[in-house]
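S.K.: Sequence:
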Amino acid sequence: MNPTTNSVLIIGGGSAGWITAAVLASQVKQQFEKPINITLIESPDVATIGVGEGTWPTMRKTLKSIGISETEFIKECDVSFKQGAKFAKWHTGEDDDFYFHPLMLPQGDGDFDLTPFWQVYKNASDCTPSFSNAVCSQEAICQAGLAPKTITTAEYDSIANYAYHLDAGKFAKLLKKHCIEKLGVVYTQDHITDVNADQEDFIHSVTTKNLGAIKADFFIDCSGFSSLIIDKHYQIPFNNCQHVLFADSAIATQVPYPDPMSPIASHTISTAQANGWIWDIGLPTRRGVGYVYSSHYQTDDQALEVLKSNLTLDETSQLNFKKIKFTPGHREKFWHKNAVAIGMAAGFLEPLEASALVLIEISAQMIAEQFPVNRQSMLGLANQYNQTSLYRWQRIIDFLKLHYVLSNRPEKFWQDNRNPESIPKSLSALLDLWQHMPPYDQQFPHAVEVFPAASYRYVLFGMGFQTRLTDHGLNLTAKTHADEHFQNNQIATDQLIQSLPNNRVLLQQIYQYGLQKI
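Residue numbers for the sequence shown, in the numbering used here: 1 to 518.
Since the hints were made in silico from the structure, they are not lab data.
Predicted, not measured: the structure shown is a model, and the values here were computed from it.
Virtual Cβ for every residue (Gly too), placed ideally from N, Cα, C.
There's no promise every hint is true.
[As the list claims (entries may be wrong)] Cross-link-like lysine to aspartate or glutamate pairs, in silico, EDC-like; alpha carbons within 20 Å at most:
1. Lys215 / Asp190
2. Lys170 / Asp231
3. Lys325 / Asp194
4. Lys337 / Asp194
[Stated by the list, open to error] For each label pair, taking beta carbons as the anchor points, the in silico distance ranges come out as:
5. Pro452 / Asn408: 24 to 32 Å
6. Arg468 / Asp198: 33 to 41 Å
7. Leu433 / Thr150: 22 to 30 Å
8. Asp45 / Ile324: 16 to 24 Å
9. Arg418 / Thr477: 34 to 42 Å
10. Leu476 / Ser309: 49 to 57 Å
11. Thr71 / Ser125: 44 to 52 Å
Take these sequences, add in the hints, and give me the full structure.
M.R.: See below:
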């Protein structure tokens, strides 16, 4: 028996459920003449975490592909621009210790690597610009409080590459409205009481409290940490990664601006603490601030005091603090039989580098592009999807761990993070290689990478990592070529500093006039 896939049931809303619904609904319509029914069900009893989200530039392509106006998105979801992340006090813990992970690629990336030439200059002079400043313009743009585009730049186009900061709750509401009104997604609200499978253990329906059985051919589990299908029903084992990534707790709050015209940072600010790190995300109406930490190194009450001590408000008692507990890790597989988990139902690592939403985007896109048209196709697709997803999760774990491994901070939390027993073998092998040459894209041969080699370079050399220079020396012609790239970057930076608007000013202009349609 090989039944055709005529219907999809997405279990759970939030960012994961509604992004998946939107991507599937928009792409399936383009692929097939015969309609495929897409239904999303969410429980009225379960609230989303929704503390605020950072995204990757992929979100621009996703929103454009599903037909949402960037102007509408910015207005409805309390959106600001994100051009990267500033990491403060991660290396030494001193006040002047910071580096940037921008979203722009280095000058000449793919054709010419400036890394060895920057390192020569850095070793020769303490006045050499930081790695990110030397090879791209974005650190300077962020430090100047500027936006990545102008009001005359078309929707989703950029001058400097960018992503978004957004209000996750408002984002889910916008996606929900768009899916129902524009993409034909059927929405129902009910509590699932049971999952029903046939003799081959393929799910054929879920039982709900009020509506009874809801049937479907393909099920997508976006039920968050509850993981109703992949965990509760199929009992797929969970890979606990806490021996690598120690953080298991977060405390979040929303901080009002002291003035309506207060600057809005166009980058995430991540400031290391003795037992974790604090995020600071600027939205148009407020800042989202939270402390990510390990409960093995301090209590929740101690963590709350750390967060409060980093807030500049005179009266923190007026703020609401939300505690979040999580176990870093992921499922051993994500697609089983006719069900696949996306979002927190699949796993969660930690908020560092905003990998959660991009994983949702990529997962939904993979399923949409290779939609399982019948039961037989699911078997091969599931195997491919699981292999690809496991590789991707491991690379993200490596990349997040890299931030901790390179620190010289003296606290026990950071010392334990440098313990070789806590470092994945895959990352250790790369660190050994990078002692002799910088990261290149060819060292990541799979077409499924979340972070390009340039991201590794920004973190490595921002954290003071040294690649041993070749005994062969650097060619004079290559040095001249490198100097041209460094000069071109400085020229481009100067021009952008002069031409780009203030971040808050641009957002105000978008609210008033809107961006140009593509």
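S.K.: I'd like to know which numbered hints this structure contradicts. Please list them from smallest to largest.
M.R.: Failing hints, ascending: 2, 3, 6 and 7.
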